[in-house]
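K.L.:
Taken in order, these protein sequences are the chains called A and B. According to this note's numbering, numbering within the first sequence proceeds without interruption in unit steps and concludes at 447. According to this note's numbering, numbering within the second sequence proceeds without interruption in unit steps and concludes at 327.
Do not take every clue at face value.
[As the list claims (entries may be wrong)] Subject to a maximum C-alpha distance of 25 Å in a straight line, what follows is the list of computed BS3-like cross-link-like pairs (lysine-lysine):
#, chain 1, residue 1, chain 2, residue 2
1, A, Lys191, B, Lys42
2, B, Lys259, A, Lys191
3, A, Lys191, A, Lys70
4, A, Lys184, B, Lys57
5, A, Lys191, B, Lys90
6, B, Lys90, B, Lys40
7, A, Lys184, A, Lys32
8, B, Lys57, A, Lys191
9, B, Lys96, A, Lys370
10, B, Lys68, B, Lys57
11, B, Lys132, B, Lys150
12, B, Lys40, A, Lys191
13, A, Lys249, A, Lys234
[Unchecked claim] Pulled from the structure, derived: some chain A residues nowhere near chain B, Cβ distances all over 12 Å:
#, residue
14, Met37
15, Glu383
16, His417
17, Glu424
18, Lys427
Note that these hints are calculated values from the structure, not bench results. In this text, all values refer to a predicted model and were calculated from it rather than measured experimentally. For glycine and all other residues, C-beta sits at the position ideal for the given N, C-alpha and C.
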Amino acid sequence: MGKKILLAHDHVPGIQGYEVYRQNGGYASVEKAIKTMSAEALVEEVKKSGLRGRGGAGFPTGMKWSFLAKPEGVARYLVCNADESEPGTFKDRYLMSRIPHILVEGMITSSFALGVNTAYIYIRGEYYYIVSILEKAIEEAYANGWLGKNILGSGYNLDLYVQVGAGAYICGEETALLESLEGKRGNPRIKPPFPAIAGLYGCPTVVNNVETLAAVPFIVNNGGEAYAQIGIGKSAGTKLISASGHINKPGVYEIEMGITVEDFIYSDEYCGGILNGKKLKAVVAGGSSVPVLPADKILTTPSGEKRLMSYESLADGGFASGTMLGSGGFIVMDETTSIVENLFTFARFYHHESCGQCSPCREGTAWMEKILHKMIDGHGTIEDVDLLWEIQAKIEGNTICPLGDAAAWPVASAIRHFRSEFEEYVKNPNSIKVVRHYDLTQNLVNA
Amino acid sequence: MAKVTIDGRVIEVPDGITILQAARMIGPEVAPPTMCYHSKLKTSGGYCRTCLVEVTKGSEIDPRPMPKLVASCRTNVMDGMEVGNLSSPKVIEARKSVVEFLLLNHPLDCPICDQAGECHLQDLSYEHGSSKTRTDFERRTFEKISIGEKIQLHMTRCILCYRCVKVAEQITDGRVHGVINRGDHSEISTYIEQAIDNDFSGNMIDVCPVGALTDKTFRFKSRVWFTKPVLAHRNCEKCSGNVNLWFKGDEVLRVTGRKDQWGEVEEFICNTCRYDKKATSDWTVEGPSHVNRHSVISANHYEVFTKPTEFKLNDVKPLAIQEGDKS
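Please take these sequences and the hints and turn them into a complete structure.
P.N.:
Below, the structure is given as structure tokens:
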């Protein structure tokens, strides 16, 4: 069994409520932080821990915190990014619905470390049932003196609010999130200035992922070094992986970084192997936007070693033969999956979610979807494959926010690794088409 | 002051200005084209991506190149920065792609579009685009919308530069003119199609780089190259009263704001000047407007030869001049 930090008490009945959470050591980090530690020491501790942003980019959290501008007399904000909308990623949903207090605790401790008096949880609209769970947790925290005025008699004040988004993928991008939080249309801002200088309402702001903030209590309780010892190399700590697709045991797993990908897919502790004993074809390792890798490349690195579940090992080989840990949305595809059809699903998603602000993404995502749609309908040509390749290259890096890259990478990697399948598909669309449509009539007859 | 090199041309500029502004100070031959940036509108720019440039050296202190192409209209200069515009093959390729993207759903109905002849997208695609299209999909279309009595919105032609939205936000009072929907379904809207009842709303027409917003009092009256632009002014209590009159014969067909070398409105004018003063007697005529000789409007247009407007480089001098001063 690997070390568990976030989900250590997941099995305890009633952990969603305050009493049980407190009995299991909850809110100890707030006590320790406010009573015995200074804000600078806390930031230092997080730096030592090597904790990296769990939203996808993997930027060191301590460093992000130390970038926060602290001008006199200007409010600072902490915003929790709970707008988890990457297809394939559902780790934050699980964490927030099971153990909401760990997020609340992490936010209080982090706010104290950053000198923040107002913090927000920005949650996507589709998670409406979690909103009430979080609000109940916050209410309980207020009632027990962990939030509000003069927390633990220290003179430190903190208010925590939940803000519900309207369900746009783009609002998971931090500056679009801030725009949306301010009540505007969720369009990404042009950086610089970065949120650490001018974020919410033009004030210095830190935006962190749910999982990142939830890891802070452990770091404060046990020290940064204890956290840094878990995991491997620069990938410190544990990571929640939401596994889905053709596996025997889909679900959210907390892994210690450094286990092998092979272990994760095939061991009974985690995914439990491929469904129906089929063969592994491809894996999207970190949510829909990271490059898809074929079975041999995901299991072994270019140098022939076993690939590990860590930021570095998954990225080994660059985009030519590697991928990214991303947000931990682990999508497994077995041998019956059509990469072309899978890509169409992704392309349709990015087209739907493009905010339409800058032209390469607005027009390019729509164009790619149309071409893939044409292929799926059996009218694709070999030139279309080349055209797709060119379009993605034109989008990547030329847009305001990373959505353009996120839309381009799946297309690029699918064509890079599965070009022959695309060619086969456009030449003979019916021969390899898997049964896509659920035949209701036939199923009723059978029943 | 910051020393910036753009396409090998060196200039010293004040800190805090953008790469685009620095490039414009050097001259039109190195200035990147723009579709959405408008110097008189705050927070404009960054959307169309036509002004992307390559920064090969970040600054004197941090000489690393920037990892991606950057929008020159929204990126500030740093001392020692080196920028590639037309000298960078990456930029030329990216710009060509942007033009392709912008034209992907643009109707190409120039023969019946009022903007033809003064359309920035026409110029852009002529200069930076390719001659063929690679898409055979149906183009996106929208219904025409009336924005008040005087303005017609033809969303099908829109490239979503957001300039008109910025006008509505910053020059007229009250924001009734935003964007609805998202992605390639995005639409400029007056929200519930409310008429814009404001003295300066007409400026949206002038800032529109394409034929999406047109003047109803001028629509279909004449091709612009059959009209003669003339500089004129009047005493107006609302605006500066400095305008361009567009004559056909003795008749004033339309009134617009004056535009500078970059196609940007110099001074915003009020709706009274724009729509209600269409008699020559309303105006004091100054003389023919300067029209770029490459423009179709310059055909049969006579003007007094004046030296091309020189830049007022109050605190900015190209290095060459400074060196000359010393000797």
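K.L.:
Next, verify each hint and record whether it holds.
P.N.:
Consistency of the hints with the structure:
1. A:Lys191 / B:Lys42: Measuring from Cα to Cα gives roughly 16 Å; hence the hint holds.
2. B:Lys259 / A:Lys191: 30 Å, violated
3. A:Lys191 / A:Lys70: 19 Å, holds
4. A:Lys184 / B:Lys57: This hinted pair is violated, its Cα atoms lying about 36 Å apart.
5. A:Lys191 / B:Lys90: 21 Å, holds
6. B:Lys90 / B:Lys40: Between Lys90 (chain B) and Lys40 (chain B) the Cα gap is close to 30 Å, so the pair fails against 25 Å, i.e. violated.
7. A:Lys184 / A:Lys32: 38 Å, violated
8. B:Lys57 / A:Lys191: 19 Å, holds
9. B:Lys96 / A:Lys370: 21 Å, holds
10. B:Lys68 / B:Lys57: 12 Å, holds
11. B:Lys132 / B:Lys150: Roughly 36 Å separates the two Cα atoms, so the pair is violated.
12. B:Lys40 / A:Lys191: 21 Å, holds
13. A:Lys249 / A:Lys234: Answer violated: Lys249 (chain A) to Lys234 (chain A) is near 29 Å, above 25 Å.
14. Met37: Non-interface label on Met37 (chain A) holds, nearest chain B Cβ at 34 Å vs cutoff 12 Å.
15. Glu383: 9 Å, violated
16. His417: 24 Å, holds
17. Glu424: 23 Å, holds
18. Lys427: 20 Å, holds
In this structure, the earlier hints numbered 2, 4, 6, 7, 11, 13, 15 are contradicted, and the remaining ones agree with it.
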